[in-house]
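For the protein sequence lines, the chains are A and B, in the order given.
Quick note: the first sequence, position 154, residue 153 per numbering that gives the first Met the number 0, numbers continuous.
Quick note: the second sequence, position 154, residue 153 per numbering that gives the first Met the number 0, numbers continuous.
No wet-lab data here; the hints were simulated from the structure.
List of simulated lysine-lysine pairs, BS3-like, C-alpha gap at most 27 Å:
(1) A:K144 <-> A:K242
(2) A:K182 <-> B:K42
(3) B:K146 <-> B:K23
(4) A:K132 <-> A:K92
(5) A:K238 <-> A:K204
(6) A:K179 <-> A:K238
(7) B:K134 <-> A:K201
(8) A:K132 <-> A:K247
(9) A:K238 <-> B:K417
(10) A:K91 <-> B:K263
(11) A:K204 <-> B:K142
(12) A:K166 <-> A:K91
(13) B:K56 <-> A:K179
(14) B:K417 <-> A:K35
(15) B:K283 <-> A:K197
What follows is each chain in one-letter form.
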Amino acid sequence: MEFKVPTMAELMAAGEEPEILFWVGCAGSYDERAQKITRDICKILHHVGIKYAVLGTEESCTGDPAKRAGNEFLFQMQAMTNIEVLNAYNIKKIVTGCPHCFNTIKNEYPGLGGTYEVIHHTQLIQDLINEGKLKAEGGESFKGKKITYHDPCYLGRGNGIYEAPRKALEVLDAQLVEMKRCKSNGLCCGAGGAQMFKEPEKGNKDINVERIDEALQTNPQVIAAGCPFCMTMLSDGIKLKDKEQEVKVLDIAEITARANGL
Amino acid sequence: MVAQILFLVLTLAAIALFTVNLRKIIRNIRLGKPVDRQDQPQKRLMTMLRVAFGQSKMVVRPIPAFLHFFVYIGFVIINIEVLEIMIDGLFGTHRIFNGLGGLYNFLIGSFEILAFTVWVSCAIFLVRRNILKLKRFSGVEMKSWPKSDANYILITEILLMSAFLLMNAADAKLQLLGASHYVNAGAFPVSQYLINILPSSESALVIVERSCWWFHIIGILAFLNYLPYSKHFHILFAFPNTYFSNLEPKGEFTNMASVTNEVKAMLDPSFVPAETEPGKFGAKDVTDLSWVNLMNAYTCTECGRCTSVCPANITGKLLSPRKIMMDTRDRITEVGQNIDKHGAEHQDGKSLLDDYISREEIWACTSCNACVEACPVNIDPLQIIMELRRFAVMEESQAPGSINAMLGNIENNQAPWKYSPADRFNWAQES
Ligand code: SF4
Ligand code: SF4
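Next up, chain A with everything else stripped away, as it sits in the complex (with noise of 0.2 Å):
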């Protein structure tokens, strides 16, 4: 990267405190997939000059895939362990590039002594956007194009997100196409309550299949997603469909660098 990235104990060792912190997630930073979307959330904070840092190597799991197992002393362990490190670094602010961190985070950690504020990148897009920081020039262009949006579950009927990742999307003058089941019907991508981690159980199709076979339907160019589970769980039927030439799978923060020319 051009920039370095700061994190809370360079911050702190200068005696500087950030706006906001960004939670990379587990996913954001060991996958390589999810990793370049870490990294364009990044270029979009540096870009629009936000004061921001992350934990690096003092982050965790924050534990959303232990809860979701039904493992909740493992979950409590993170979380609370989690919330002694943010609560040492006097954290206020926190911006997720991951649903299930943001949820996890915003819904979990207050009961449990973490109380912050909590945005999922794509509000903080939504924000820059009606802030005039981010425009759609400068960069590729995504006029006229056909892009769908999957709805992540643990934003959309989780928390009641449906309108702010659109929003990066409007701002394109791209051709928004919603396939049948989106908003609150939208379908799972088949990665959550911790299936990622397991083999599906038997039945007759892949549930990431069922929905790439939905999102093709509206034959678009651009599958947008937001989250990183959904990412591999839509690339993967994208693969297995053999349509990686046609369509692509890209993430709202990808997107959004993309045509800010970043």
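Since the structure of chain A is provided, determine the placement of chain B with the ligands on it from the hints.
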């Protein structure tokens, strides 16, 4: 006089029987664990008014919403008619409210129109279930009783409405004949078309009118007592169920307080946990669930809206959130019967998990909340699934192997994958 006494006895018996059964259900619900749902009364009231009274979640599917709306409105308003029937029955009067004059005619006229729309809607519902065979009404859990239950209800409603209209037709004809006791009252926009099929002798008409009257009221009393055994119970429980429904964001799962204590003690040896009742983690049986979960089970209408949007079910997996609710109700009913027969301490060696709901079902859930969103009466099948998972994982350590591996990774590497924590920030180095 005999008729009045008979009427009184029947009514009291029906109400008594219903009360006994209702109290049993409430007792069964109370077997659940406590959970606080008394906060934010205003928001709760609004939720109830919107969802149960206003039918707001039905509109997603316009056709059944439209038909259901007629049946629902018909049910609510025809209760006014039942009030008149009650008074007439007890005091031997006839059309006691006729003093209302024009208003009375308006009321009877609108009841007739409603009765007709209820009749038609129920008929269409029957066709949808039995002839069009909509996918939503099939599924492994919709065999035998649940299937006939729906049909019985619809047929009963059609019969009740038919009796009501026929009764009015006979009454109208008797009024025309100037029969004594049959005061001139009411407007008959629908039943006037039935007058011609009725006999013309006064005595025969009285028989028709009286039999329909008795059939109608006995039908209603019988129906009342059918409710506690039926999915039709939702006409009562939809209201408390929506009032006590979850107001927090759907993505938020409860933080188990008992776990918080233990974790705090683990992280900080000086921490002295508040006394909490020792109990199981999660749920193996219905009595480990919360009373809200159990009330949900009694409220379920078996409409299958949850199952039809469940990604696991859509892709052919065993999981059906409707079945989760029906299993929970069947099991709590069984537990209640055990208590009635053998006393509160009796154990039948069965449990919700394994005897009713299989592991394969609970592990197929993606926790996407589609079922919760879809339910027209705010039932939450996901919470039950999660409680069963918690039991499997925390009490039995019985999770699918790959889940255990993931949990192990979080424990050792602070990430669900097997990567070194030291590499967590590597993404910033590459471009
Ligand atoms: S939360 Fe679980 S049961 Fe409910 S619809 Fe989603 S996968 Fe199905
Ligand atoms: S849980 Fe709700 S949506 Fe599912 S069958 Fe019961 S009433 Fe219908």
